[in-house]
Each structure stands twice: as C-alpha cells, then as structure tokens.
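Q: Here is what each chain is made of, one letter per residue.
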Amino acid sequence: VAEVTPRCGNSSNPVSSFLIILSSARPAVCITAGLVSSRSRSSMTRLTLFIYAATIVAANAWSQEVPDNFVKVQGGSFNSTKSNYAGKTISDFYIGKYEITQTEWTEVMGNNPSKFKGDSLPVDTVSWYDCVEYCNRRSIKEGLKPYYDIDKNRNDPNNQTAVDDIRWTVTINAGANGYRLPTEAEWEYAAFGARLSKGYTYSGSDDIEQVAWYWQNSGEERLIGYWHWPTIENNRNQTKPIGRKEPNELGLYDMSGNVREWCWDWYGELESHGVAPTASTAESGRVWKGGGWLGAEFCCESSFRGSYEANGRGPDQGFRVCRGK
Amino acid sequence: MRHFYRVKFRMALMLASALLIGVTQNSIAQTITTSQQGSHGGYFYSFWRNSTGSASMTLGSGGNYSCSWSNVGNFTAGKGWKPGSSSRRVGYNCGHWSCNGGGVFGLYGWTTNPLIEYYVNEKWGSSRPTGQNNYGNMTSDGGTYTIYRTQRVNAPSIQGTKTFYQYFSTRTSQNGSGNKVITFANHVNAWASKGLTLGSHDYQILLSEGYNSSGGSNATVWQQ
Numbered sequence: 001v002a003e004v005t006p007r008c009g010n011s012s013n014p015v016s017s018f019l020i021i022l023s024s025a026r027p028a029v030c031i032t033a034g035l036v037s038s039r040s041r042s043s044m045t046r047l048t049l050f051i052y053a054a055t056i057v058a059a060n061a062w063s064q065e066v067p068d069n070f071v072k073v074q075g076g077s078f079n080s081t082k083s084n085y086a087g088k089t090i091s092d093f094y095i096g097k098y099e100i101t102q103t104e105w106t107e108v109m110g111n112n113p114s115k116f117k118g119d120s121l122p123v124d125t126v127s128w129y130d131c132v133e134y135c136n137r138r139s140i141k142e143g144l145k146p147y148y149d150i151d152k153n154r155n156d157p158n159n160q161t162a163v164d165d166i167r168w169t170v171t172i173n174a175g176a177n178g179y180r181l182p183t184e185a186e187w188e189y190a191a192f193g194a195r196l197s198k199g200y201t202y203s204g205s206d207d208i209e210q211v212a213w214y215w216q217n218s219g220e221e222r223l224i225g226y227w228h229w230p231t232i233e234n235n236r237n238q239t240k241p242i243g244r245k246e247p248n249e250l251g252l253y254d255m256s257g258n259v260r261e262w263c264w265d266w267y268g269e270l271e272s273h274g275v276a277p278t279a280s281t282a283e284s285g286r287v288w289k290g291g292g293w294l295g296a297e298f299c300c301e302s303s304f305r306g307s308y309e310a311n312g313r314g315p316d317q318g319f320r321v322c323r324g325k
Numbered sequence: 326m327r328h329f330y331r332v333k334f335r336m337a338l339m340l341a342s343a344l345l346i347g348v349t350q351n352s353i354a355q356t357i358t359t360s361q362q363g364s365h366g367g368y369f370y371s372f373w374r375n376s377t378g379s380a381s382m383t384l385g386s387g388g389n390y391s392c393s394w395s396n397v398g399n400f401t402a403g404k405g406w407k408p409g410s411s412s413r414r415v416g417y418n419c420g421h422w423s424c425n426g427g428g429v430f431g432l433y434g435w436t437t438n439p440l441i442e443y444y445v446n447e448k449w450g451s452s453r454p455t456g457q458n459n460y461g462n463m464t465s466d467g468g469t470y471t472i473y474r475t476q477r478v479n480a481p482s483i484q485g486t487k488t489f490y491q492y493f494s495t496r497t498s499q500n501g502s503g504n505k506v507i508t509f510a511n512h513v514n515a516w517a518s519k520g521l522t523l524g525s526h527d528y529q530i531l532l533s534e535g536y537n538s539s540g541g542s543n544a545t546v547w548q549q
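Chains as they are written, first to last, in my numbering: chain C, 1 to 325; chain H, 326 to 549.
Worth flagging that the hints you see were computed from the coordinates, not collected in a lab. Here the structure is a predicted model, which is why all the values come from computation and not from measurement. We treat Cβ as the ideally placed atom computed from N, Cα and C, and that holds for glycine. Possibly wrong hints are sitting among the right ones.
Here are the computed distance ranges between Cβ atoms for each label pair [said to hold, decoys possible]: (1) C:D207 x H:V478: 29 to 37 Å; (2) H:G461 x C:A86: 38 to 46 Å; (3) H:Q549 x C:D207: 39 to 47 Å.
Given these sequences and hints, build the entire structure.
A: Here you go:
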C-alpha cells in the first residue's frame, strides 16, 4: 500500500508549496513554480495567487495517492432515501474495492480458516475478533499505526451477547492511519454510492443478478422457488472469486452478496441521530452488511442490517477494510 | 362457411381442453422424491430429504398430502401457507400416522427479524420431542402443551449463518384422530408471555418429519 501522507517539503507537491507559503514568516517568498518573483505584489496579484493555490489544494485533495485497491469515498449527505442514515452526513474515508481475499488473509495471519479454498475467493469463517486482529497485524506489517486497542484479558462490559465466550475489550485509536472495519454508516454510505448514488436497492443495481452472488446463483445450477437450505447445500453453493460482478457507482465490488461483511458497530437499535450503538443486547452481536452466497435477496439490499455474535464464524462471513489517511 | 365454423368449433374445443388441463394439472396427485418447494392445490408445499434411506411425498388434492419413508436419515414434508400468520386457526385431519423411530407431526414455520423456527407438535414417533429450556405448560384446543426453547448455534438460515432459537409447543400426550384445530394465536401469546417473540412470517405448514425411522402419514390441512 502506497504512502498517502503528504510529504511536506517535496517541491513537486503543490500542496506542500502552498503550505510553505502559508507558514512562511515572509509571505512573499519565491515559489518553486516560479509564479511569484517579487515581494512587491499588488493586492490583486495576491488574491489571484490565493485563489490559484486554494484551487490546487482542493484538486490535490482528490488526486492524493489512494492506496492500491482502495477507493476514496468523498463524504457528504446520505442522499438515498432507502438508507437507514438518510439525511445524515459523513466524513471522507478510504474503503477497499474488494472483500479481503484468502491470499491477503494468509499473508498476514499465516492461516486460512475458509471453508471454500481459493486464492481469489474472499476469506470466510472469520469472526469479528479475527478481523480486528487482522486489521492491526496488517497495519503493523505495513508500518501504519494500529487502529484498535485489543485487551484480551478484560471482558467488555458492553457485550451482553449470551453466546459470545470471547468478549475481548476492543477500543479504537481515533486518528490512527491503520486498517479498520468500516462503521455501519460508512459501509452503507459507500454501498449506496455516496455522492454518486443512483438510489439502487442493491449496491450498484436494482437487478441483483448484475451485482451479487446469493443463494440463487452461487451454486452449480441456478435455483428457483423458495430459499431452502437443503437444496442450497445439495447445489454446492459457495463463495465466488472477488470482482466478477458489476461494481457499484464508486467502483466497489461485491458489496452485495458473496460474503457478509463485518462492520464495527454493535447491532443494538439504530440511534436516531446516526451514531453507532455502544453496546450489545443479550441476543445480538456486531453488524454485518451486504448479505452473502447463502442468504436471501433481502439480505443483499444495501439497507438491510444483519447481526451476528462477534465470536461467530460462518462460511458466508467475511469482511473488507477501511483506512485512515 | 360450414367448414369454417367446424374448424372454429374444434379449435375452441381444443383450447378449452388445454385450459382445463392447465387448471386441473396443479391439483392432480403427484409423487415427489427430490427436495423441492412450490404450490399445489392452492397450498404452499415443502419436501426435503437427506441422502440416507428413502422418502417420498404425494401431493393430493387441496390441502391433502401423504408421505412414506424407510430407514430415512431425515426428511420433512408438508402443506400450508406462505406467508404464515400468527392468527391463523389451522384445521387438520391426520388420517394416518405411523413412525417407527424418530419423527414429529404438527405445525411448523419460521419467522425473520428475529429469525425463529417454531413447532406445535401434535404427534411423534418413539420419543416425545422436547427442547433445551422448559418454559412450563399452556392449554389450547383441549390439550396441554409444554413450551420449550432450543438455541441453534452457527446454523444455516435464510439470512446466512446464524445463531437462532427454535420454539416448541409439544402436547403432553399425542393428539387423537379426526378433525383437529391448532389455534396458533394461543401458542404465539403463550410464547410471548415467556419473552419468546416471533418476527415476520415466512412459510407455515402442517409438517410430517421423520429421522432415523420408517413410517407413513396421510393428512389434510385447511384454514378454519
């Protein structure tokens, strides 16, 4: 993953040049681009320079190098009325184009827990705890600051989930640039296409066949009729290689279907002001979004909220990651 | 001209016959041996069997169905409705039930949000079905039922892998023959009084299930 932090002092970087101007005790210094050559500038020239520089900053904010296989999601308002967060606003973030593959998992964790094996298949059968560990280990491996503090010796008092026998206390390092799970709001904002949203029901289309692997199309034969596990099992349904369906408005693949994706949040009740719930209830766990190869169509809708105990591991449960700047 | 009308009459006759076949085809008895779901005779039906032993389901007219199974590992079969309903009064007549080994006969269905599987067990095979947790007894339709709850951990579901609950109302003694009624609302209310709530209904069927057993059943379901 490429470094994304602006390198101050790099004369080829217009942002750095602009920062030099702003931070200089003497504002009328010679600028590398040769645009300013004298201290005796007229106020009009200074205004022109300011506008020019501000324009460069604004443009550069988006031309900033985005990590490989990530998309920078420009923040804003949830403009899809189908979203649980309609009318709320959200900040910029980076999110992975694809679900984490088994290759990516194995490189970091040294094992492959997936039921269905294949390098380009999404990793499956990973718990929420497994995933936050992955995030931190990958951050360390790549020289980033880990986003999570994981205390394995202290039970999380907010975790009331009856069947969760792990209950690590996991807190965040706000501002750390390491890998992390998306919040539910971030996931949903990205799934709906952010500012480019066309208001689709599934991520990238109203036609589930175009964008998602789900119970009807993820096996040897196309299934019809009603969802029925024994039929699905006999049809050898399973995960599919990442990125084989159409992407959504942002270029994100498999947001609907393939594997369900863990989010940071407790399931709880969605708070009216859009802030993530801070504790579990006795029979819920962490949020997953997007549905998977095993579930029904409604699970693949971008607005659907699923819950699973944080220690749960299923052959349809995976994740994708976000990153700070 | 007369020939023209004769041709028209024959065509009309053929069309009427085709339509009649189309209308009645769905209510003609048919036997199935592979797992499937669909509609037949105006009712939703579901049949599933695993690969051990043999089992078949014959779809009769209206709400009637019959099953036979031999040394089966597990099978389920039944007719009913999709979606189910908490207020439905389910009438049934079980003309035949024999089960040499494990099996149950009764009302089965499931809901989403929360994901719940439920059973109202009217008859069974060699042993009375129970559950992990006992929530006491209730009465309905002239019988006494015990309420149980069992947790299924990391099991496949319509939402994907899920930990979810099964609710059971099991009669303290098997129900008899003749026309019977399951006033499902009584069970729903009794479960709710114990904190066992249902979600949005998916399908709801009169179920015949066998596991590690041989047997047969013939039953008809209707809405009271």
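Q: Could you tell me which of the hints above the structure violates, numbers in ascending order?
A: none
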